[in-house]
Amino acid sequence: MSSEQQPTQTLMNRQLSVRGIGILALVGGTVIAYLSVVSPLLAASRHEESVTTSLKGAGITPLILALGIVYTFFPEKATALLGHPQKPTRLGWAFSLVFGLLGIPLYLWLRSRLREYGYGV
Numbered sequence: 000m001s002s003e004q005q006p007t008q009t010l011m012n013r014q015l016s017v018r019g020i021g022i023l024a025l026v027g028g029t030v031i032a033y034l035s036v037v038s039p040l041l042a043a044s045r046h047e048e049s050v051t052t053s054l055k056g057a058g059i060t061p062l063i064l065a066l067g068i069v070y071t072f073f074p075e076k077a078t079a080l081l082g083h084p085q086k087p088t089r090l091g092w093a094f095s096l097v098f099g100l101l102g103i104p105l106y107l108w109l110r111s112r113l114r115e116y117g118y119g120v
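At the far end of the sequence shown sits residue 120, using numbering that gives the first Met the number 0, and the numbering has no gaps.
These are calculated hints, taken from the structure and not from any lab test. There could be a bad hint or two in this list.
[Said to hold, decoys possible] Simulated pairs of lysine-lysine, DSS-like, Cα-Cα distance not exceeding 30 Å:
# : residue 1 : residue 2
1 : K76       : K86
2 : K55       : K86
3 : K55       : K76
[Stated by the list, open to error] Estimated spans, in silico, between C-beta atoms of each pair:
# : residue 1 : residue 2 : range
4 : Q85       : V37       : 27 to 33 Å
5 : G119      : S38       : 14 to 20 Å
6 : R114      : A79       : 40 to 46 Å
7 : L107      : L34       : 15 to 21 Å
8 : S16       : S44       : 38 to 44 Å
Computed from a predicted model, the values in this text were never measured in an experiment. Using N, Cα and C, we set each Cβ at its ideal position, and we do this for glycine too.
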């Protein structure tokens, strides 16, 4: 293998690794979103006896989905701007803070919708 091919393969392996983390975050975020946001709304629309919500699940959903989208579709730029998922930059921390805080209004919206259905959550 020539020395010109080796850096390309290393970069490609790094992109695949970061993209894999992004895909995992997308899948995990989708599952968490379904279980903590969509499922309670569906249960309420079916007029089930009780509906449970999770502040942690609804709160973390926007962050996980945003990180999944960014790291899946823009692995080079995401790593340069946000850092590696295991060692974020300052911009990465700010990104996480913003999307982490978006979970609070999501949870409050979910609770208000469930109250409209008549549930005391």
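We went through each hint and held it up to the structure:
With a C-alpha separation of about 15 Å, the suggested pair K76 and K86 falls inside the 30 Å cut-off, and the hint holds. For the given pair, K55 sits about 23 Å from K86 by alpha-carbon distance, which is consistent with the 30 Å threshold. The suggested pairing of K55 with K76 holds, with an alpha-carbon distance near 29 Å, which does not exceed 30 Å. Here the CB-CB span from Q85 to V37 is close to 30 Å, well matched to the stated 27 to 33 Å.
One distance hint, 14 to 20 Å for the beta-carbon pair G119 and S38, holds here, with the actual separation near 18 Å. Checking the proposed 40 to 46 Å range against R114 and A79 shows it holds: the Cβ atoms sit about 44 Å from each other. Remark: the range hint 15 to 21 Å for L107 to L34 is upheld by a beta-carbon distance near 18 Å. Checked against the given bound of 38 to 44 Å, the beta carbons of S16 and S44, roughly 41 Å apart, stay inside it.
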